[in-house]
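Trainee: Chains as they are written, first to last, in the working numbering: chain A, 1 to 192; chain B, 1001 to 1192; chain C, 2001 to 2192; chain D, 3001 to 3192; chain E, 4001 to 4192; chain F, 5001 to 5192.
Worth flagging that the hints you see were computed from the coordinates, not collected in a lab.
Just so we're clear, the structure is a prediction, and the values are computed from it rather than from any experiment.
It is possible that part of the hints are untrue.
[What the hints assert, rightly or not] Capping the alpha-carbon separation at 20 Å, the derived lysine to aspartate or glutamate pairs in DMTMM-like fashion look like this: (1) A:Lys100 <-> F:Glu5183; (2) C:Lys2016 <-> D:Asp3154; (3) D:Lys3062 <-> C:Glu2048; (4) A:Lys16 <-> B:Asp1154; (5) D:Lys3016 <-> C:Asp2154; (6) C:Lys2100 <-> B:Glu1183; (7) D:Lys3100 <-> E:Glu4134; (8) F:Lys5100 <-> A:Glu183.
[To be verified] In silico contact screen, one side only, chain F against chain E (beta carbon under 8 Å); selected entries: (9) Tyr5055; (10) Lys5150; (11) Asp5155; (12) Trp5157; (13) Ala5161; (14) Ser5164; (15) Arg5171; (16) Phe5175.
Virtual Cβ for every residue (Gly too), placed ideally from N, Cα, C.
Number of protein chains: 6
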Amino acid sequence: MTQATATRFAAPPIDKLPEDIRARLLAVQEKSGFIPNVFLKFAYRPNEFRAFFAYHDALMEKDSGLSKAEREMIVVATSSFNQCEYCVIAHGAILRIRAKNPLIADQIAVNYLKADITPRQRAMLDFAMRVCREAHLISEDDFTGLAGHKFSDDDIWDIAAIASLFALSNRMAHFTGMRANPEFYLMGRVPK
Amino acid sequence: MTQATATRFAAPPIDKLPEDIRARLLAVQEKSGFIPNVFLKFAYRPNEFRAFFAYHDALMEKDSGLSKAEREMIVVATSSFNQCEYCVIAHGAILRIRAKNPLIADQIAVNYLKADITPRQRAMLDFAMRVCREAHLISEDDFTGLAGHKFSDDDIWDIAAIASLFALSNRMAHFTGMRANPEFYLMGRVPK
Amino acid sequence: MTQATATRFAAPPIDKLPEDIRARLLAVQEKSGFIPNVFLKFAYRPNEFRAFFAYHDALMEKDSGLSKAEREMIVVATSSFNQCEYCVIAHGAILRIRAKNPLIADQIAVNYLKADITPRQRAMLDFAMRVCREAHLISEDDFTGLAGHKFSDDDIWDIAAIASLFALSNRMAHFTGMRANPEFYLMGRVPK
Amino acid sequence: MTQATATRFAAPPIDKLPEDIRARLLAVQEKSGFIPNVFLKFAYRPNEFRAFFAYHDALMEKDSGLSKAEREMIVVATSSFNQCEYCVIAHGAILRIRAKNPLIADQIAVNYLKADITPRQRAMLDFAMRVCREAHLISEDDFTGLAGHKFSDDDIWDIAAIASLFALSNRMAHFTGMRANPEFYLMGRVPK
Amino acid sequence: MTQATATRFAAPPIDKLPEDIRARLLAVQEKSGFIPNVFLKFAYRPNEFRAFFAYHDALMEKDSGLSKAEREMIVVATSSFNQCEYCVIAHGAILRIRAKNPLIADQIAVNYLKADITPRQRAMLDFAMRVCREAHLISEDDFTGLAGHKFSDDDIWDIAAIASLFALSNRMAHFTGMRANPEFYLMGRVPK
Amino acid sequence: MTQATATRFAAPPIDKLPEDIRARLLAVQEKSGFIPNVFLKFAYRPNEFRAFFAYHDALMEKDSGLSKAEREMIVVATSSFNQCEYCVIAHGAILRIRAKNPLIADQIAVNYLKADITPRQRAMLDFAMRVCREAHLISEDDFTGLAGHKFSDDDIWDIAAIASLFALSNRMAHFTGMRANPEFYLMGRVPK
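Chain A extracted, bound-state conformation (with noise of 0.2 Å):
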């Protein structure tokens, strides 16, 4: 029944997309094979696709404290708790890939207090999913807490920054009827 909801925002055919728009669709495509269909869902709205965007490059891509794959550990957790289907099936693909291991995104989506990670990664979801759930509650304890483990103002600063930006994402996903495409599931659980 909800799928539905899919079909309610389609983008306009790639070619009457505005040009940057459409270079950044065949970008992905070029280097994915496909077209992650979180970028068709916003392009409906080319302001909005690319701030969204703009915002997720700031914090995803940039140098930062926290490797790449912790930053996508932080996306599958929060997801997971907002049952967001497309970020939880596609970042987990993102994750087993940078991680280079085929079991941390399930275990993470599933249960991220019984995941195999370290100390230092159990403090970092323990603070990210403090912000996804309950943000009004943060005081100094959190900070003080996190320090213990060796992150920077700035590392907490993306912690929070990551579950707040997809706070924002998973509603959309849900809203939007967002589905993970196919080639997502299977990507990163085999060794090539």
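Since the structure of chain A is already known, use the hints to place chains B, C, D, E and F on it.
Mentor: For chains B, C, D, E and F alone, coordinates are given in the frame of chain A:
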């Protein structure tokens, strides 16, 4: 105790900020007489500043089937659920001004179900709260219900996208210890 | 829609009310310039009116180790949790006046954890919220914690009893469709 | 551990209590053979004692479209939700006696949805639980639903007011460490 | 309304039941004077009957570091959280008998935190409730805490396994409309 | 940290296990190529092992109006709600194989409301989740709703019983620190 978080992420002095960001700060100061703290907090990270305000302007400043006052209602209702001091007080002020109604913001902040709003606005806020709290349950029934109140699919996107953007914004406000400037509290309460 | 509930339980005309109740209504009108709706709502049931205001006065008007402003903080924090429009707005006004602070009521209403209050007041509100939301968990540990902030057992009783009385009051306000008089919104916001 | 709270607020010896309170204690002892602990706990604060029992009597002793047994059902159902030992056990005893039914109190305490009650009593308890847990959601729909079961507006007030009074009472019982007297456990279970 | 569910799954007449099941029913009738409804409900499905009671006996009848009364405490506390009429009332009766204490079952059913139990029993019930409500959070800290109360690892298994078995049992009782036999209500309340 | 719990309850070496249990372990190893950890964990307690697998087989291996794939859907949906790593991953593998569908398990694990299933399967999972999370609310309405999807009373029993059995199983998996064998992660994902 938690106030200490407010001092952790201090923006550089205005004259050290990138030109585009400094220009925006000066423009808002010119217009409002002060710089709302949300600008100073996000200025700590210029790329995120640009993405956040681009997203904000794409939703809050454009033409829409929702009036600007109605869009602020969404911000106040969802931010109150998230217990976000900055957003409830700052956007409450903007709502009073845009609605030319000194009572509406407090009513919506406490319990939008009892506020003096139209049935259409009530349906708008019901859906915004669904995106805010339980987006994973959204189904075609939600769209059908809203259509009965003469919302177009684009209006519905606006409701969902504003609720989603402030899901991000509320979390960043909590994390950064953002505080509402004292100027906001009285704005729109006294007839000019 | 819900406003209709507000017309269901109309008090008789003031001149038909029992003498003691009429006298109290006239006294409060004399003092405040208007009759707060809580008096009119409870006047529908004279015996409950007498009991409610006797309870109220026994806690809110007597001498206590809690200042009158602090007692109003308890009302605002717990009523906000219960989403009670009347109590947050009316007692917010009284709090601003008693604390001589135009900002404090809105801060406590949105998120008392982020309000500009003393650690002792924070401990007071933490305990009030425990009574409000999860009284079944109260244990000796709560008393020990409060004693560290120099609250006597009688002060602690006052905190608990005020939170308990407004557990009643908030529910009756919701049920009767009690609305805050417009006069409350601006009280205590502008220096005299 | 929590039992210690029970000794914190000891009433003065009966002969030191104000005359009206002492008289009530002696009357209840005369009638019941023991003094229920609620009287001793509230006697610590004479003014609150008077207000509480005035409120109680105004609702529980007067004539109403609800039978006395039905009013006790409201107390047991809402007090069970609040996990209040005193009120569930003491009012469970009164309910058994007033309903002349040794099974009904335990059924309502565990899960009123499965209790052997009439559809009208079920509607009464559904509304009482709404007041107890989520009064902020009450709307005209609740009144309409109850009217279908032949409740007058005054009956509905009684339901709401009893649920509200025990919202107060349950919290004070938890706070004061009030314990049900052993006499209550067996009352109404064995045919006389 | 819900009572109708009770008639949906009627066991065959006793003389049509498989021999082993009929024998167990007759044995319990011989011992107790009546057949508790749990036996009749599960008899609808002989294989599940056998598995359920095998599991039950493996935990409730064997030797353990937990007394039989303590094991019944776990059943009553967790079944009360799950609002299971049959299990709270039937096992409450067994608890009164095994503990030789007419008050303990009602205390634990309403709020085990306020019951007259030893600190060791309190720790046992805290862990049982953790298994009941939030097993996904169990960590080494839980084991460490229990070890401080002299529970062996096997005792801890028993606590967890009983809470788990009644997670099943409570759900099946709700589903099948299982009702406590009237005989249970008074058992263990009156000294023999 | 929590992984340590996994080492607490180690089964004896296979050759020390009771004959019937050893035979079952060897049979499953023969069939699957490895011994799923659920067998090793329960082997710590032979009687509970026997009862658990007897219950399991009585529901999962018999003929039913629910296909074997549908029964696995119930396990995955409810175990995901309970955040049970073992059951989501192991039964997700079995579901993929039985449904011959490499995508379905991940979809149901993240959010069954958005999975590609039939309306009848959606109704089946809605009821399974009701048993899982709020069995105390089950009423005749649930049965009526399911009958509209052509489920017999026996099919409904199967849904409820499977959800109930995994309420037990998920809790024991959390408690024992049961981990999904690595073999499960890839099963059923790649066409043979």
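Trainee: Taken at face value, is the distance from the CA of Asp3154 (chain D) to the CA of Lys2016 (chain C) at most 20 Å?
Mentor: holds (19 Å)
Trainee: Can we keep the Arg5171 (chain F) interface hint, with Cβ of chain E closer than 8 Å?
Mentor: holds (4 Å)
Trainee: For the pair supplied as a hint, Lys3016 (chain D) and Asp2154 (chain C), is the alpha-carbon distance within the 20 Å limit?
Mentor: Roughly 19 Å separates the two Cα atoms, so the pair holds.
Trainee: Are the Cα positions of Lys100 (chain A) and Glu5183 (chain F) separated by 20 Å at most?
Mentor: It holds: about 17 Å lies between the C-alpha atoms, which stays within 20 Å.
Trainee: Just to be careful: measuring from the Cβ of Ala5161 (chain F) to every Cβ in chain E, is the smallest value less than 8 Å?
Mentor: Ala5161 (chain F) check passes; min Cβ-Cβ to chain E is 7 Å, inside 8 Å.
Trainee: Are Lys16 (chain A) and Asp1154 (chain B) close enough, with their CA atoms no more than 20 Å apart?
Mentor: Holds - the C-alpha atoms of Asp1154 (chain B) and Lys16 (chain A) are around 19 Å apart, at most 20 Å.
Trainee: Does Lys5150 (chain F) pass the interface hint, meaning its C-beta sits closer than 8 Å to a C-beta of chain E?
Mentor: violated (17 Å)
Trainee: Take the C-alpha atoms of Lys3100 (chain D) and Glu4134 (chain E), compute the straight-line distance between them, and say whether it is at most 20 Å.
Mentor: Distance ~40 Å between Lys3100 (chain D) and Glu4134 (chain E) Cα, so the pair is violated.
Trainee: Is the hint on Tyr5055 (chain F) kept, meaning its closest Cβ partner in chain E is under 8 Å away?
Mentor: At 4 Å from the nearest chain E Cβ, Tyr5055 (chain F) passes the 8 Å test, so the hint holds.
Trainee: Does Glu183 (chain A) lie within 20 Å of Lys5100 (chain F) when you go C-alpha to C-alpha?
Mentor: holds (17 Å)
Trainee: Does the alpha-carbon distance linking Lys3062 (chain D) and Glu2048 (chain C) stay inside the 20 Å limit?
Mentor: holds (12 Å)
Trainee: Does the CB of Trp5157 (chain F) sit less than 8 Å away from some CB of chain E?
Mentor: Where the cut-off is 8 Å and the nearest Cβ of chain E is about 7 Å from Trp5157 (chain F), the hint holds.
Consistency with the previously given hints fails for numbers 7, 10 and 11, ordered from lowest to highest.
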